[in-house]
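Peer 1: Sequence:
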Amino acid sequence: DARGEVRKLGFQLLKHHYEAGRDGGVDVDSLKESVLDCVKDGDPMVVFVTIESIPALFSQGNRMAIMALVRCLRHEAPSVREAATRVLGEFAIRGDLRAIGYIVPLIDHHMAYVRYAAIIALMNLGVPGDAKVLEPIKTKMNDPEIFVRREAVTALRYLSVRGDERCVSALL
Numbered sequence: 020d021a022r023g024e025v026r027k028l029g030f031q032l033l034k035h036h037y038e039a040g041r042d043g044g045v046d047v048d049s050l051k052e053s054v055l056d057c058v059k060d061g062d063p064m065v066v067f068v069t070i071e072s073i074p075a076l077f078s079q080g081n082r083m084a085i086m087a088l089v090r091c092l093r094h095e096a097p098s099v100r101e102a103a104t105r106v107l108g109e110f111a112i113r114g115d116l117r118a119i120g121y122i123v124p125l126i127d128h129h130m131a132y133v134r135y136a137a138i139i140a141l142m143n144l145g146v147p148g149d150a151k152v153l154e155p156i157k158t159k160m161n162d163p164e165i166f167v168r169r170e171a172v173t174a175l176r177y178l179s180v181r182g183d184e185r186c187v188s189a190l191l
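Residue numbers (our numbering): 20 to 191.
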């Protein structure tokens, strides 16, 4: 709708000012707070655009940004939950157990593309051999959607340790 488009353009302007402000002249901290306030907006499009821009505005692993993404994991719009899951998996630091803990429940989400994003996020955040990541991914080997199953195989291959019986048995 028009209101969402205006907000989206406003956000793009904020992002532009942030990028210009890195060289001085703009209160970057205030700008970042304004951006994080956008995740509380009721318009899914505004929240979606905000989520997508977090990696460009914050340093990887920034706790405030991560907590904003975590709030979005419970958003009513599945597209927002998927975006938050995907960006959290790219933005948090590998091995971040809190981020992993927030993502694991989404592996059983009713929307297949959210489950798919959760597998990718766990693959990005997990360390090879970590049961906290491998066990939930293994449950998706029998997912009704082939693209979810295919990503589960990829994730198991990526996160397994040579000879790991847990992964071998899941793949057979």
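Since the hints were made in silico from the structure, they are not lab data.
All residues carry an ideal CB built from backbone N, CA and C; glycine is no exception.
Wrong hints could be hidden among the right ones.
[What the hints assert, rightly or not] Below, simulated SDA-like cross-link-like pairs (lysine to any residue); rule was C-alpha separation at most 20 Å, straight line:
| # | residue 1 | residue 2 |
| --- | --- | --- |
| 1 | K157 | A131 |
| 2 | K51 | E95 |
| 3 | K51 | R82 |
| 4 | K157 | G120 |
| 5 | K59 | I112 |
[Claimed, not checked] Quick list of the computed label-pair ranges, beta carbon to beta carbon:
| # | residue 1 | residue 2 | range |
| --- | --- | --- | --- |
| 6 | G120 | R169 | 17 to 27 Å |
| 7 | D48 | T158 | 20 to 30 Å |
| 8 | S98 | D127 | 35 to 45 Å |
| 9 | D127 | R90 | 31 to 41 Å |
| 10 | E95 | P163 | 16 to 26 Å |
| 11 | A150 | G61 | 12 to 22 Å |
| 12 | E52 | R93 | 37 to 47 Å |
| 13 | D56 | N161 | 34 to 44 Å |
| 14 | G61 | R168 | 34 to 44 Å |
| 15 | N161 | S53 | 37 to 47 Å |
| 16 | S49 | P163 | 45 to 55 Å |
| 17 | T158 | A75 | 13 to 23 Å |
Peer 1: What hint numbers does the structure not satisfy?
Peer 2: Going through the list in order, the structure violates hints 2, 5, 7, 8, 9, 11, 12, 17 and respects the others.
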